[in-house]
Amino acid sequence: MKSKFEAFKLKNLSILIEAVSQKYRTYGPVAKDGEHAFEIIEPESKLYLGCAVTMLPAKYILQPVWQDLFSFKLGDGFQIEEPRLDEKLAIFGISPCDVNALLALDQVFGGKFVDPYYWKRRENTLIIAANCTEVASESFCTSWNTGPELHSNYDLLLTELSDGYLLEIGSLEGENVIVGLNLIKATQADLNEKMARLDSARTNAKKKLPVAPDDLHQFFRERFDHPAWVPNSDVCFSCGNCTIVCPTCYCFDIRDEIMPSRSTGVRRSEWDSCQLLEFAEVGFGANFRRLRIDRFKHRTIHKLSWMKQQYGLTGCVGCGRCVRWCPSWPERRGRLTSLADPVEIIADLMEPLDKYGTAEISRGEAA
Amino acid sequence: MAGINTNNRVKTAVFKFTCCAGCQFALLYFFDQLPETLELLDFVYFKMARRKELDEPYDLALIEGGISTPEHIEQLKRIRKQAKILVAFGACAAHGGVPSIKDWQRELAVEARVYPDPLLISSIKVSPVDEFVKVDHYLRGCPIDEVEFMELIRSIAAGKKPYIREHPVCVECKLRNNICILLMREGVQESMCLGPVTRAGCRAVCTSNMRACFGCRGPMSNPNIPEMVRTFKGKGFSPKDIEMRFTEYSGLSNEFSEGARAYYGRKAPYYRRKAA
Chain S
1 MKSKFEAFKL
11 KNLSILIEAV
21 SQKYRTYGPV
31 AKDGEHAFEI
41 IEPESKLYLG
51 CAVTMLPAKY
61 ILQPVWQDLF
71 SFKLGDGFQI
81 EEPRLDEKLA
91 IFGISPCDVN
101 ALLALDQVFG
111 GKFVDPYYWK
121 RRENTLIIAA
131 NCTEVASESF
141 CTSWNTGPEL
151 HSNYDLLLTE
161 LSDGYLLEIG
171 SLEGENVIVG
181 LNLIKATQAD
191 LNEKMARLDS
201 ARTNAKKKLP
211 VAPDDLHQFF
221 RERFDHPAWV
231 PNSDVCFSCG
241 NCTIVCPTCY
251 CFDIRDEIMP
261 SRSTGVRRSE
271 WDSCQLLEFA
281 EVGFGANFRR
291 LRIDRFKHRT
301 IHKLSWMKQQ
311 YGLTGCVGCG
321 RCVRWCPSWP
331 ERRGRLTSLA
341 DPVEIIADLM
351 EPLDKYGTAE
361 ISRGEAA
Chain A
368 MAGINTNNRV
378 KTAVFKFTCC
388 AGCQFALLYF
398 FDQLPETLEL
408 LDFVYFKMAR
418 RKELDEPYDL
428 ALIEGGISTP
438 EHIEQLKRIR
448 KQAKILVAFG
458 ACAAHGGVPS
468 IKDWQRELAV
478 EARVYPDPLL
488 ISSIKVSPVD
498 EFVKVDHYLR
508 GCPIDEVEFM
518 ELIRSIAAGK
528 KPYIREHPVC
538 VECKLRNNIC
548 ILLMREGVQE
558 SMCLGPVTRA
568 GCRAVCTSNM
578 RACFGCRGPM
588 SNPNIPEMVR
598 TFKGKGFSPK
608 DIEMRFTEYS
618 GLSNEFSEGA
628 RAYYGRKAPY
638 YRRKAA
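Chains S and A, in that order, are what the protein sequence lines are.
Be aware that the first sequence starts at 1, since it is given in our numbering, and climbs by one per residue.
Be aware that the second sequence starts at 368, since it is given in our numbering, and climbs by one per residue.
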């Protein structure tokens, strides 16, 4: 264990949840309609700390789906009013892949150009991560080394054990939360059990990227005009599901809403998606990505390669949300697979060119 | 917006053609919900709300319902000449709506089912408003959506372009943290949700209540209809089910009629091509 802090043993989570929710507005993964979702939790809430591939990722807590940036008033001059963003937040049970996704978003919103709305919330957020003791069938975090274990960048870290939870502390703020909780110190046996459980999770995770992450840039360069893009994008709905559930997607749109008086209004942001036709439309109706194939390619390569060039951190953490929520399931290699699955797309691109016969490399259908 | 004096209230007339009048009824309901927005309009003709007809010119015409008799066409053209802005108000005006189901059957057979003597009436196939006149704005949906209505009226009054969504219902549905009812693979029920090809703006009201999207708002921009048909087929729905789902509300749109014809390959009784 790298942390200079101690590790503790928890019998049940409720005392920790209570301690946290007293000081913070606390979100955690709970069951919803047979799936899981990050929602505000109470001490009695039943948290799911397995491989919680929640519907919307935790990023929506820091970068809300709809956000009022400020309200404005025209009168004697121009007045604006900004919302207060000093609320203390805690994200309970966030998976290692999602923590890594937040690190990528930190680069986008807090790197060269700082987004004060995101960054203010981010600074006020306590990360109580949970290691995954199992890996969901659609996830491939082991390929990116973004899971199932988290090594740093947490305030508190939980690992499920056979008779409770192992609680590790990663920061001073994390330590302050549990002061006075009267916890039992973890034994070496507990730490060993953690290692054993995570090792078994790692071995059981079968899904792997067929290309080493470092080689992806070159891989896509060579296959930018590969014919496999055509049949793939032909069955894409361009519905935007894959990007909205993605924990590293960060695009949003900004609009003004004018009130009937025409002297007051709100400037609002809303998540947007590069898969939508209107996304790349500019004045006079010109569109940089009018074709479905261009949008499909953009999402895939931006996630897997360009974002690394841009921000130094991968845009895919292997959580598998896009795989889970893509409505299109075409038949590939004799079985139904999710269209959005990066592993399957890469496998398609590795097929020899002559597999596609003499079929003309079309540019997909026009919008 | 050409010709509208934005300092005054917008003189508005509401007309009804073939429909259930539900969108007009929704408008009455908005008087309670959106009084400030309705304040921007001055109604000179609105049969459901006031008996007296004012003999005044109007700038904005809200057209409700599809066009289904020769007289409708004449009246619609007169309205177009008068109005500076013409809005197709609701699913029937925008895509034919529910009445357009009859377009997929023989005209006489449909008439005979309702009228004892079909020769006494003169009806034609139902058409959306834009078949005959230019439409400036569309307010889609069965019925129209409150927030979209608000956005349109405020934008008209402020003389700016309204923000009307063109992306699919899926976006609005996912943003609301809903599970996908089309995707319930091992789940309880398979549903014929048209969300991935239908235009948003309804705030995903049906899917948020676990009901499949039935496409009342018509096709989104650049929908992938063949893929939608393949998905339904893969879930074991019959050709008749698929045809009915696509023709239920917006079957007259090019895109949805393509979905309806996907199985039979027959020429749609009504097939409209927009000018490129």
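Everything labelled a hint here was simulated from the structure, so no lab data went into it.
Bear in mind that the values here come from a model prediction, so they are computed numbers and not experimental data.
In this text, a Cβ means the ideal position worked out from N, Cα and C, and glycines have one as well.
Incorrect hints may appear among the rest.
Claimed, not checked - Pulled a few chain S residues facing chain A out of the computed Cβ check, cut under 10 angstroms:
(1) I244
(2) E270
(3) E278
Said to hold, decoys possible - Calculated lysine-lysine pairs in the DSS-like style (CA-CA distance at most 27 angstroms, straight line):
(4) K492(A) / K607(A)
(5) K9(S) / K185(S)
(6) K73(S) / K32(S)
(7) K208(S) / K11(S)
(8) K73(S) / K527(A)
(9) K602(A) / K32(S)
(10) K444(A) / K528(A)
(11) K383(A) / K448(A)
(12) K207(S) / K527(A)
(13) K88(S) / K23(S)
(14) K46(S) / K23(S)
(15) K73(S) / K607(A)
> Tell me, which hint numbers fail for this structure?
Replying inline: 6, 7, 12, 15
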